[in-house]
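Chains E and S, in that order, give the protein sequences.
Counting from 1, position 270 in the first sequence corresponds to residue 270 in my numbering; the numbering is continuous, with no gaps.
Counting from 1, position 249 in the second sequence corresponds to residue 249 in my numbering; the numbering is continuous, with no gaps.
Everything labelled a hint here was simulated from the structure, so no lab data went into it.
Each residue gets a CB set at the ideal place from its N, CA and C atoms; glycine is no exception.
Be aware that a few hints might be false.
[What the hints assert, rightly or not] If you only want the chain S side, here are some residues facing chain E, beta carbon under 8 Å, derived:
(1) ARG150
(2) LEU154
(3) LEU316
(4) ALA318
Protein chains: 2
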Amino acid sequence: VIVVPVNLGPRSYRVLVGAGTLAQVGPELARLGAGRRAALVSDAVVGAAHGEPVRASLAGAGFEVAEVRVPEGEAAKTLATAERVWDAYLGHGLDRTSTVVALGGGAVGDLAGFTAATYMRGIGVIQVPTTLLAQVDASIGGKTAIDHPRAKNLIGAFHQPRAVVLDTQVLRTLPERQYRSGLAEVIKHGIVLDADYFALLEGSLGGLRARDGETLTRVIAGSCRLKAQVVEQDERESELRHVLNYGHTVGHAVEAATGFARFTHGEAVSLGIAAEAHLARRLGLAGPDTVARQVRLLEAVGLPVRGLGASPEAVLEALGRDKKARDGRVPFVLAPEIGRFRLVFDVPRAAVLETLADLG
Amino acid sequence: VIVVPVNLGPRSYRVLVGAGTLAQVGPELARLGAGRRAALVSDAVVGAAHGEPVRASLAGAGFEVAEVRVPEGEAAKTLATAERVWDAYLGHGLDRTSTVVALGGGAVGDLAGFTAATYMRGIGVIQVPTTLLAQVDASIGGKTAIDHPRAKNLIGAFHQPRAVVLDTQVLRTLPERQYRSGLAEVIKHGIVLDADYFALLEGSLGGLRARDGETLTRVIAGSCRLKAQVVEQDERESELRHVLNYGHTVGHAVEAATGFARFTHGEAVSLGIAAEAHLARRLGLAGPDTVARQVRLLEAVGLPVRGLGASPEAVLEALGRDKKARDGRVPFVLAPEIGRFRLVFDVPRAAVLETLADLG
Numbered sequence: 001v002i003v004v005p006v007n008l009g010p011r012s013y014r015v016l017v018g019a020g021t022l023a024q025v026g027p028e029l030a031r032l033g034a035g036r037r038a039a040l041v042s043d044a045v046v047g048a049a050h051g052e053p054v055r056a057s058l059a060g061a062g063f064e065v066a067e068v069r070v071p072e073g074e075a076a077k078t079l080a081t082a083e084r085v086w087d088a089y090l091g092h093g094l095d096r097t098s099t100v101v102a103l104g105g106g107a108v109g110d111l112a113g114f115t116a117a118t119y120m121r122g123i124g125v126i127q128v129p130t131t132l133l134a135q136v137d138a139s140i141g142g143k144t145a146i147d148h149p150r151a152k153n154l155i156g157a158f159h160q161p162r163a164v165v166l167d168t169q170v171l172r173t174l175p176e177r178q179y180r181s182g183l184a185e186v187i188k189h190g191i192v193l194d195a196d197y198f199a200l201l202e203g204s205l206g207g208l209r210a211r212d213g214e215t216l217t218r219v220i221a222g223s224c225r226l227k228a229q230v231v232e233q234d235e236r237e238s239e240l241r242h243v244l245n246y247g248h249t250v251g252h253a254v255e256a257a258t259g260f261a262r263f264t265h266g267e268a269v270s271l272g273i274a275a276e277a278h279l280a281r282r283l284g285l286a287g288p289d290t291v292a293r294q295v296r297l298l299e300a301v302g303l304p305v306r307g308l309g310a311s312p313e314a315v316l317e318a319l320g321r322d323k324k325a326r327d328g329r330v331p332f333v334l335a336p337e338i339g340r341f342r343l344v345f346d347v348p349r350a351a352v353l354e355t356l357a358d359l360g
Numbered sequence: 001v002i003v004v005p006v007n008l009g010p011r012s013y014r015v016l017v018g019a020g021t022l023a024q025v026g027p028e029l030a031r032l033g034a035g036r037r038a039a040l041v042s043d044a045v046v047g048a049a050h051g052e053p054v055r056a057s058l059a060g061a062g063f064e065v066a067e068v069r070v071p072e073g074e075a076a077k078t079l080a081t082a083e084r085v086w087d088a089y090l091g092h093g094l095d096r097t098s099t100v101v102a103l104g105g106g107a108v109g110d111l112a113g114f115t116a117a118t119y120m121r122g123i124g125v126i127q128v129p130t131t132l133l134a135q136v137d138a139s140i141g142g143k144t145a146i147d148h149p150r151a152k153n154l155i156g157a158f159h160q161p162r163a164v165v166l167d168t169q170v171l172r173t174l175p176e177r178q179y180r181s182g183l184a185e186v187i188k189h190g191i192v193l194d195a196d197y198f199a200l201l202e203g204s205l206g207g208l209r210a211r212d213g214e215t216l217t218r219v220i221a222g223s224c225r226l227k228a229q230v231v232e233q234d235e236r237e238s239e240l241r242h243v244l245n246y247g248h249t250v251g252h253a254v255e256a257a258t259g260f261a262r263f264t265h266g267e268a269v270s271l272g273i274a275a276e277a278h279l280a281r282r283l284g285l286a287g288p289d290t291v292a293r294q295v296r297l298l299e300a301v302g303l304p305v306r307g308l309g310a311s312p313e314a315v316l317e318a319l320g321r322d323k324k325a326r327d328g329r330v331p332f333v334l335a336p337e338i339g340r341f342r343l344v345f346d347v348p349r350a351a352v353l354e355t356l357a358d359l360g
């Protein structure tokens, strides 16, 4: 088990990464001195697949656990579900010393985190994400939210977890496409933050494809460490944290232009990384090798690097609707070389359009 | 105008107290470098009575102001209202740089503060409370909440305002009973926190009765300074902040035992202070003069100090349901002398019952 600390003063916590760590949830909560009651929030599928070791470890550590079921996927992130979950917390007698254990993908983590952030003005939450995407991305940093009918993640709060528990074994049963999607975020961390980590990924292809436990532990812990460094320097997402948007500016636009149906989030990010890599080259900011290594690694793990599924014009239009856009122009995070990033505000529309056209 | 700073590191803000400060809201927001959009949240009565100078000052400082109306009183603090308010923020194009201006009593401040705390994971709020109770109590400290059908303030967040603006002129039209209610909290601050401030109140009776502008400015600023000191030392209400519960333990029980209908909150707190003062005497913790001065000042401003409106047994039973109760016993904040407090955990039930019986 690798322990990654996240240092945020009084809101510090640690991330446990390893095989079989689901059984650590109870001991970790006991170590934190939390009150006796806990609510285990998950959907039916994840609860059936992975709930037992978590329940057992909590009971073994002396906690009284109430189960709270939420719908699968994004459907969990509604105000109606939040209301049901608050009711359940109250019904089960959760007080200010109680803890919410979020077991599931990113949506469960978001919903459980938000309801914990707002129940009695904030109670503790342990994030136990069961997808690779949530493990390396959503579970660290304290972003929680539910959706508004007209805007994703509109209602939310920053609420750091008290601990994050990542079990590599739960990834063994993850569908291939979902697993690969998570790798897009892993690769992103290497590109903009750490050349050594990127090289580690290049050298771990066999282990990654086989979902080897030791490889996953090392890779996930490395990714968490990089994300933790960013969060430590910018807890509330003012500036630096935008670096984590690498690949996401074009990625979100591709998702929007294809109706959020054709690509998984990670596939869209992979296309976004490819596009933004080529864009940096076109702007004279990055050399050909920097672009080639990114594209090669994405392809090697089976992620798409061309074929946007929409016209360049449609993607460009979606870019103009980006939350960060000013007068139709978005700032881009670009990678001048592997392990470094640069925020570029004045990217000409023509350069973006030509890059998108090249990717087809 | 007296400026009271609240020092909370990156969440620091200042409280402006004086006559006519409603006109300072716009300049204060400009000083903070907030984005151009703002939402003014108030109910119909307060909006009509006090909205104009706030609107004018915001417009004069270059802000685009959207008006958001909420129901009067506690009815504002529902999830349904919160949902409508979030919709309005989105409809008016509020973004992360926008600000919510909460103009009204405690309920408006709670609802507006909570919706600001959770919109886009937290946008700025300026509290502009229009009752004495909200000015000296709710507006400082960042507690925001809405009610659950089965529990008041169950859903909420700590979200410090970016500024607090207190205009003594709005108090001139406050109904007498509501005005007196606020004085109960003012007196409470003196009893448990500051003997000099308590003496200032004793010497300001004429000005307080006449609602004289200078007296109110001095008294309110002093009260804010005391509350700010407590909040600075205990931002998230772990221990010290319980001192502010003086008079509230019995006060809440009296409210509950009388169906929340007979007394205003401040009247119940006044009865609670009287009860807890006598309790300290009965326990041998306080001398007769300490009790007499508290009772005399409460009576002098027209607040009730005897006649609980319910049987001692009924109040005792309600005490056992207090959130802080353990095995039917609540910890009491008691005042051994004016300006000092002590947390007492093991108060015998008989002593409480006899004290309540004495108060009738």
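Hint-by-hint comparison with the structure:
1. ARG150: holds, 6 Å
2. LEU154: Hint holds; LEU154(S) Cβ to chain E Cβ min 6 Å, cut 8 Å.
3. LEU316: Nearest chain E Cβ about 22 Å off; hint violated.
4. ALA318: violated, 18 Å
The structure shown violates the earlier hints numbered 3 and 4.
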